[in-house]
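S.K.: Each chain, written out:
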Amino acid sequence: KNEVEQSPQNLTAQEGEFITINCSYSVGISALHWLQQHPGGGIVSLFMLSSGKKKHGRLIATINIQEKHSSLHITASHPRDSAVYICAVTHTGTASKLTFGTGTRLQVTL
Amino acid sequence: NAGVMQNPRHLVRRRGQEARLRCSPMKGHSHVYWYRQLPEEGLKFMVYLQKENIIDESGMPKERFSAEFPKEGPSILRIQQVVRGDSAAYFCASSPQILGGGNEQFFGPGTRLTVL
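Those protein sequences? They're chains A and B, same order as listed.
When we follow my numbering, the leftmost residue of the first sequence carries the number 13, and every step to the right adds one.
When we follow my numbering, the leftmost residue of the second sequence carries the number 2, and every step to the right adds one.
Some hints here could point you the wrong way.
[What the hints assert, rightly or not] Distance condition first, Cα-Cα at most 20 Å in a straight line; then the derived DMTMM-like pairs of lysine to aspartate or glutamate:
1) Lys65/A <-> Glu105/B
2) Lys28/B <-> Glu53/B
3) Lys67/A <-> Glu105/B
4) Lys66/A <-> Glu105/B
5) Lys52/B <-> Glu42/B
6) Lys45/B <-> Glu17/A
It is worth saying that the hints were derived from the structure and are not from the lab.
These numbers come from a predicted model, not from an experiment.
Using the sequences provided together with the hints, build the complete structure.
M.R.: Put into structure tokens, the structure is as follows:
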């Protein structure tokens, strides 16, 4: 079993839909990261959080430390949101190296 | 403030040759991480370096792979005697001084290595 599990693996949505991507982890962490990988391959850090909730534009990330679960929400989705969204964790005491989930491939259509 | 730079962006090598991948961290960042993404697979940690020190190389294959981050110049990931299974995208990330809870990492554009 992977230490970081994401669901769903693939997601297709219509423009304007509210999207939720889930991430569960099985280890103690100091932080959880949400990353976006574009079709061209570049990786962008969206959020780093260790508790509560963060919001940036149409993106919202939440984390529940007790349940070892995080969600990434996209409001009013747009075709330009099409990408792979990757959850990653920094284990407690491992000097910040990241352990990644397998990613959720999102396709937003018109 | 330039982001993380990697070069080359694409590298083609024949089996048995050496591959050298370079990473220049963001200005002011002293921590560098290398990750590998095999085709159709997720990202995997390889090595974590600070200037002149390897902090964690638990993800590095035991043979043929080495990494350095000298006092001056970029970090180098070196793969000797490449094999087809080394074909992958290699990403470098950097962060500033590590705080208690970890730091956000900034990724470079990656080097796509193809071994013929």
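S.K.: Hints first: check each against the structure and report whether it holds.
M.R.: Each hint tested on the structure:
Between Lys65/A and Glu105/B, the direct Cα distance comes to roughly 16 Å. Compliance with the 20 Å bound is thereby established for this hinted pair. Under the criterion of a C-alpha separation no larger than 20 Å, the hint pairing Lys28/B with Glu53/B is consistent with the structure, at around 17 Å. Proposed proximity of Lys67/A and Glu105/B is supported: the alpha carbons are some 16 Å apart, at most 20 Å. Of the pairs offered as hints, the one joining Lys66/A and Glu105/B holds, with about 14 Å between alpha carbons and a cut-off of 20 Å not exceeded.
For the suggested pair Lys52/B and Glu42/B, the alpha carbons sit about 30 Å apart, so the restraint of at most 20 Å is broken. Restraint check: the Cα-Cα separation between Lys45/B and Glu17/A comes to about 14 Å, which is no more than 20 Å; the hinted pair holds.
Of the hints listed earlier, the one the structure fails to meet is number 5.
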